[in-house]
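Participant: Sequence:
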Amino acid sequence: MPIFADPNSISWVVFLPALAAVGLLAQRIIANTLFGAAGLSGSVWRWVALGTSTLTFVLAVAGLWQGFDPEITDYQLVEHVSWMPSLGVNYFVGIDGMSLVLVLLTSFVVPLTIISSWNEGDETLESYAVFLLLLETGMNGALVSLNVIGLYCFWELALVSSFFIVARWGGASGLTAAVKYLMFGVASSFLFLIAVLIVGRINFEQGGAFNFDLVSLGNADALGLLSTQIATEATSNTPWWQTQLWLFAAVALAFAVKIPLVPLHGWYNNAQNEAPTSGSILVSALVVKLGAFAFLRVALPLFPDAARVAGPWITNIALFGIVLSGLLALGQRDAKRLIGYVSLAHLSFIVLGIMSLNRHAMVGSVISMLSHGLSITALFVLLGFLIERRSTRLVSDFGGLAKPMPICAALFALAVISHIGFPGTGGFVGSFLVFLGIYSTGAWAAIIALSGMVLVASTLLRAASRIMLGPLEHAENLGLIDFSLRERAVVLLLVLPLLWVGVYPSPILRRVEPAVGLLLSAMDRRAAPNEREDLVPPNLTVLNAIPRNRSHSP
Numbered sequence: 010m011p012i013f014a015d016p017n018s019i020s021w022v023v024f025l026p027a028l029a030a031v032g033l034l035a036q037r038i039i040a041n042t043l044f045g046a047a048g049l050s051g052s053v054w055r056w057v058a059l060g061t062s063t064l065t066f067v068l069a070v071a072g073l074w075q076g077f078d079p080e081i082t083d084y085q086l087v088e089h090v091s092w093m094p095s096l097g098v099n100y101f102v103g104i105d106g107m108s109l110v111l112v113l114l115t116s117f118v119v120p121l122t123i124i125s126s127w128n129e130g131d132e133t134l135e136s137y138a139v140f141l142l143l144l145e146t147g148m149n150g151a152l153v154s155l156n157v158i159g160l161y162c163f164w165e166l167a168l169v170s171s172f173f174i175v176a177r178w179g180g181a182s183g184l185t186a187a188v189k190y191l192m193f194g195v196a197s198s199f200l201f202l203i204a205v206l207i208v209g210r211i212n213f214e215q216g217g218a219f220n221f222d223l224v225s226l227g228n229a230d231a232l233g234l235l236s237t238q239i240a241t242e243a244t245s246n247t248p249w250w251q252t253q254l255w256l257f258a259a260v261a262l263a264f265a266v267k268i269p270l271v272p273l274h275g276w277y278n279n280a281q282n283e284a285p286t287s288g289s290i291l292v293s294a295l296v297v298k299l300g301a302f303a304f305l306r307v308a309l310p311l312f313p314d315a316a317r318v319a320g321p322w323i324t325n326i327a328l329f330g331i332v333l334s335g336l337l338a339l340g341q342r343d344a345k346r347l348i349g350y351v352s353l354a355h356l357s358f359i360v361l362g363i364m365s366l367n368r369h370a371m372v373g374s375v376i377s378m379l380s381h382g383l384s385i386t387a388l389f390v391l392l393g394f395l396i397e398r399r400s401t402r403l404v405s406d407f408g409g410l411a412k413p414m415p416i417c418a419a420l421f422a423l424a425v426i427s428h429i430g431f432p433g434t435g436g437f438v439g440s441f442l443v444f445l446g447i448y449s450t451g452a453w454a455a456i457i458a459l460s461g462m463v464l465v466a467s468t469l470l471r472a473a474s475r476i477m478l479g480p481l482e483h484a485e486n487l488g489l490i491d492f493s494l495r496e497r498a499v500v501l502l503l504v505l506p507l508l509w510v511g512v513y514p515s516p517i518l519r520r521v522e523p524a525v526g527l528l529l530s531a532m533d534r535r536a537a538p539n540e541r542e543d544l545v546p547p548n549l550t551v552l553n554a555i556p557r558n559r560s561h562s563p
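Just so we're aligned, residue 10 is where the sequence shown starts under the working numbering, counting upward by one.
What the hints contain is simulated information worked out from the structure, not anything from laboratory work.
A couple of the hints might just be wrong.
List time: in silico SDA-like cross-link candidates among lysine to any residue, alpha-carbon distance up to 20 Å [stated by the list, open to error]:
(1) K412 / R346
(2) K345 / L478
(3) K345 / C162
(4) K412 / H483
(5) K345 / L464
(6) K412 / L489
(7) K412 / A422
(8) K345 / A536
I would like the entire structure built from these sequences, with the hints used as guidance.
Facilitator: Given below as structure tokens:
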């Protein structure tokens with residue numbers, strides 16, 4: 010029984026941050042207009058942002074996690090409100106195990122980001138708080154949206170909010186990096202929107218009414234997009250741009266930019282390098298997850314035949330991205346750039362698991378999204394604390410920090426072993442399942458992926474040892490003060506869930522595995538008869554098989 014039993018629990022989690030942002034802006038406008046005053050101080054805005062984001066996480070746990078039944082395979086806690094029914098655009102939200110995990114990740118990371126960046130942006134706290142809250146609404150809204158136009162709108166809100174955070178609080182080239190980030194983001198969004206509109210037109214021709222809901226609930230006379238038959242080959246009645254392969258190519262390219270996959274990662278390096286620590290966290294740990302999640306929510310179920318055809322190509326690109334990112338990380342002297350390339354390799358690894366179309370690997374990819382979000386946040390937080398003390402990001406400027414900062418060294422070690430997937434951490438659970446899945450589809454792919462991830466892990470371990478171990482070669486490091494209680498608490502709160510998932514993954518697996526099974530069943534059901542495969546094997550004992558004979562029609 011959920012602690013927060015409200016039929017609109019998803020809406021509270023999505024819109025509470027935006028309501029707080031609007032409220033803060035409204036009080037500023039009223040204070041200026043009626044009283045000629047500035048209104049609440051910037052520090053109050055930050056406290057409001059922290060309180061709101063913390064309450065959002067509490068509601069996500071009490072309402073969504075507690076209210077979610079892992080034995081029900083359909084979308085749960087569904088809310089459907091007609092918005093523009095003649096155009097098929099509705100407010101339609103619901104959660105499955107995949108979106109539940111990522112909503113919890115977003116709602117958990119945002120308040121910790123605020124706490125960790127307590128010393129950032131002191132002169133412009135008002136706008137910082139607003140954009141952070143709007144980004145949280147955009148992220149959570151995109152994750153729970155079951156209407157693709159709604160998903161697109163929330164996607165754009167997250168993009169624009171993160172753009173302003175990078176541009177306003179970034180480094181010397183922050184604006185340039187943010188503009189590049191925005192250009193890539195807008196281009197990918199345009200591709201996504203065009204493909205969605207084409208599918209919507211096909212849906213209209215088959216159902217007689219526009220409907221951009223993935224499944225039909227609010228209007229029984231309109232087909233859901235997942236009931237739309239999309240041709241696999243061009244004919245006299247079907248132009249090439251209405252076929253699955255070309256539509257899948259458009260959305261896959263859009264999502265690959267968002268993730269990002271090599272060679273579409275140019276914006277990522279600049280954005281995370283120039284962004285403040287909080288911006289790097291929000292982009293690397295949260296925003297990029299929308300691309301991987303969109304593959305699962307939109308691309309695979311809408312275009313199953315094209316996904317099977319393009320899958321080997323995308324997995325090869327992901328393998329190349331893992332190896333290349335590892336090699337690029339190996340040559341980095343800048344610690345922030347190094348962590349960025351390490352993150353890029355893990356994102357390619359996640360895509361590898363998704364596009365294998367293997368249940369083990371896809372479940373592992375979702376777990377890896379969760380573990381990557383927590384561990385990369387911990388690494389950026391730790392590095393941010395060190396940069397505050399030393400005003401440098403070069404690995405060579407550190408060394409021997411374990412002597413003046415033993416707590417920092419211990420926490421750094423925990424974060425590193427969590428990120429590389431050491432046994433007993435959440436990273437290991439996700440990586441093991443991905444390797445298990447891709448090995449069953451191709452041994453060479455597993456070998457190449459394993460080699461690349463070993464390279465990435467060794468590079469990160471080498472950098473961590475150079476920062477924390479060895480002699481104190483720089484006088485500036487002698488007087489460094491160890492982490493405060495606030496700093497210790499933030500890192501521990503990020504690392505402890507990783508240890509919990511690593512030791513006891515069953516609660517997460519019981520929620521994610523049925524959602525992946527439902528996705529694969531939908532792909533098999535929508536596939537052309539001669540293309541159908543046994544995508545849904547018998548229950549997997551390694552995943553604590555869940556009964557699938559119960560269904561729930563929201």
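Participant: Indicate, hint by hint, whether the structure satisfies it.
Facilitator: Results of checking the hints against the structure:
{"no.": "1", "hint": "K412 / R346", "result": "violated, 25 Å"}
{"no.": "2", "hint": "K345 / L478", "result": "holds, 19 Å"}
{"no.": "3", "hint": "K345 / C162", "result": "violated, 31 Å"}
{"no.": "4", "hint": "K412 / H483", "result": "holds, 13 Å"}
{"no.": "5", "hint": "K345 / L464", "result": "holds, 18 Å"}
{"no.": "6", "hint": "K412 / L489", "result": "holds, 10 Å"}
{"no.": "7", "hint": "K412 / A422", "result": "holds, 14 Å"}
{"no.": "8", "hint": "K345 / A536", "result": "violated, 44 Å"}
Violation of the numbered hints given earlier is confined to hints 1, 3, 8; the remaining hints are satisfied by the structure.
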